[in-house]
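Listed below are the residues making up each chain.
2 protein chains.
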Amino acid sequence: MTYAVAVKLERGIVFAADTRTNAGVDNIAQYKKLTCWRIPGERVLVMLSAGNLAVSQAVLSLLNEAPSDKEYPGTTLYSAQNMYRAARVVGEALREARSIDGPSLEVSKLSFSTSFIFGGQIGDEPPRLFHIYPEGNFIEATTDTPFFQIGEHKYGKPILDRVAQTSMKLGDAAKLVLLSFDSTLRSNLSVGLPIDMLTYETNTLKLEHTKRIGQDDPYFKMLSGEWSKALRAAFQNIEAFDI
Amino acid sequence: MTYAVAVKLERGIVFAADTRTNAGVDNIAQYKKLTCWRIPGERVLVMLSAGNLAVSQAVLSLLNEAPSDKEYPGTTLYSAQNMYRAARVVGEALREARSIDGPSLEVSKLSFSTSFIFGGQIGDEPPRLFHIYPEGNFIEATTDTPFFQIGEHKYGKPILDRVAQTSMKLGDAAKLVLLSFDSTLRSNLSVGLPIDMLTYETNTLKLEHTKRIGQDDPYFKMLSGEWSKALRAAFQNIEAFDI
Chain A
70 MTYAVAVKLE RGIVFAADTR TNAGVDNIAQ YKKLTCWRIP GERVLVMLSA GNLAVSQAVL
130 SLLNEAPSDK EYPGTTLYSA QNMYRAARVV GEALREARSI DGPSLEVSKL SFSTSFIFGG
190 QIGDEPPRLF HIYPEGNFIE ATTDTPFFQI GEHKYGKPIL DRVAQTSMKL GDAAKLVLLS
250 FDSTLRSNLS VGLPIDMLTY ETNTLKLEHT KRIGQDDPYF KMLSGEWSKA LRAAFQNIEA
310 FDI
Chain B
70 MTYAVAVKLE RGIVFAADTR TNAGVDNIAQ YKKLTCWRIP GERVLVMLSA GNLAVSQAVL
130 SLLNEAPSDK EYPGTTLYSA QNMYRAARVV GEALREARSI DGPSLEVSKL SFSTSFIFGG
190 QIGDEPPRLF HIYPEGNFIE ATTDTPFFQI GEHKYGKPIL DRVAQTSMKL GDAAKLVLLS
250 FDSTLRSNLS VGLPIDMLTY ETNTLKLEHT KRIGQDDPYF KMLSGEWSKA LRAAFQNIEA
310 FDI
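First to last, the protein sequences are chains A and B.
Everything in the first sequence is counted per my numbering, starting at 70 for the first residue and increasing by one.
Everything in the second sequence is counted per my numbering, starting at 70 for the first residue and increasing by one.
Since the hints were derived computationally from the structure, they do not count as laboratory data.
Keep in mind that a hint or two might mislead.
If chains are identical, the list can't say which one is meant, so a pair holds when it fits in one copy or spans any two.
[What the hints assert, rightly or not] Okay, derived cross-link-like pairs now, EDC-like style, lysine to aspartate or glutamate, Cα gap no bigger than 16 Å in a straight line: (1) Lys280 to Glu295; (2) Lys139 to Asp230; (3) Lys290 to Glu79; (4) Lys298 to Glu194; (5) Lys238 to Glu79; (6) Lys238 to Glu134; (7) Lys298 to Asp286; (8) Lys298 to Asp230; (9) Lys280 to Asp265; (10) Lys238 to Glu308.
Please take these sequences and the hints and turn them into a complete structure.
Written out as structure tokens, the structure is:
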């Protein structure tokens, strides 16, 4: 499994993904699930992936092909005029991968479940964030629900539901995302450290803040410990149910 | 869907289940999923059910048949010598229901997913708690993991993982169970109020504490509000991630 989440704020977008892949609990490996494309001063695009690793790697290969390698040249992530067009490029690559691999997966009764979170900024357009479905279509984050999760989303959702707001500072949103990971990591073995985190600041059109957070990361250790302590204290402070 | 949970403590067992059933989001209804059997001074047995309602009702009908109605009379919940034997009675009833309904469900590609949490106390034996699988076999709660959940378990699990301990007081465990419900109710529409809660106190061999907790329950409203406030405060009190 995978856990990946992104939160869109007024000040930017926070992206994070774990790095564990597995084909059964007896066969785990580490793969980066966060990919970015950029032309400094012009565009920054970030993608998080979940689902079948062969399919998401195929999609990345298609997205990274030079236009001259393609059978039918068209828009690329480096030439798309806006984020909507860029998301369509990703959706089309996913549909192409599905047309190649989908039938064989079906024969083995494996579902085609690869999906992406894709976001960033192109030129003067404000940053945008999309959830791209296995079918290649997508939805966009709004102020009502400013975050997307893919993969094992349930354990880490309650804290996002309660706290996420578009007015948050980037550092607070990064803290929130790591708390959401903390709950998920405790409950699902197929989600594993390290976490890749990328924080994009609106209108900078460059990537400055990327970090890999492993088991020994002092901030993550502090956060996990303090949060457990605070939850237990909060629990104690509420009066018991009168049975 | 359903959410049901029970926590086994030194001082007793807390049981709780929601009351929503659904056949699609456009077809919901309210059914009690908590059932008890008792002979005061001798035994108290409690069962929570999740999965196909027709199957769990069939199991209840089989369990409640008089011995004289049965084709092959045997042990009943009122005659089982201990909790292990009682859990086997439930498992057998589930297997019987599966042999009746299973093949037809299979034709419609519906999985046989009914499962139960079953616990209580018989005579001098300490209280015991079981999770009974769709196959009719079961596992027992231990001090390492003193709780069981069935149905939509993921949203409400992180708080149980962090706080549940066998040394808790019954009123604190009831508070914990309601917090676990609060997270679940916020995230899954197919889990709905009211909650049926039953608190059994070790060695009383009677049922004194049962409660139905609805939307207007003042304790649940207070708990939900205070918990949200405390979580937000705990979140604010931890330093932000330094991006």
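> Between Lys280 and Glu295, at a C-alpha cutoff of 16 Å, which is it: within one copy, between copies, both, or neither?
Replying inline: neither (21 Å within a copy, 35 Å between copies)
> Which holds for Lys298 with Asp286 at a C-alpha limit of 16 Å: within a copy, between copies, both or neither?
Replying inline: Answer is neither; intra-copy 18 Å and inter-copy 29 Å both fail.
> How do Lys290 and Glu79 come out at 16 Å by Cα distance, when the copy is not named: within, between, both, or neither?
Replying inline: Neither way: Lys290 and Glu79 sit 28 Å apart in one copy and 32 Å across, limit 16 Å.
> Is it within, between, both or neither when you check Lys238 against Glu79 at 16 Å Cα-Cα?
Replying inline: Answer is within; shortest intra-copy Cα gap is 8 Å, inter-copy 45 Å.
> At most 16 Å between C-alpha atoms: does Lys298 with Asp230 qualify within a copy, between copies, both, or neither?
Replying inline: between (21 Å within a copy, 13 Å between copies)
>> Cα distance capped at 16 Å. Does Lys298 pair with Glu194 within a copy, between copies, both, or neither?
In response: neither (42 Å within a copy, 36 Å between copies)
>> As a check of your reading, is Lys280 near Asp265 (CA-CA no more than 16 Å) within one copy, between copies, both or neither?
In response: Within one copy only: 6 Å inside a chain, 46 Å across chains, cut-off 16 Å.
>> Within a copy, between copies, both or neither: which one fits Lys238 and Glu134 at a CA-CA cutoff of 16 Å?
In response: neither (36 Å within a copy, 62 Å between copies)
>> Checking an output row: Lys139 and Asp230, CA cutoff 16 Å. Within, between, both or neither?
In response: neither (42 Å within a copy, 51 Å between copies)
>> Reference check for the pair Lys238 and Glu308, CA-CA at most 16 Å: within, between, both, or neither?
In response: between (33 Å within a copy, 12 Å between copies)
The structure fails hints 1, 2, 3, 4, 6, 7 (numbered hints given earlier, in ascending order).
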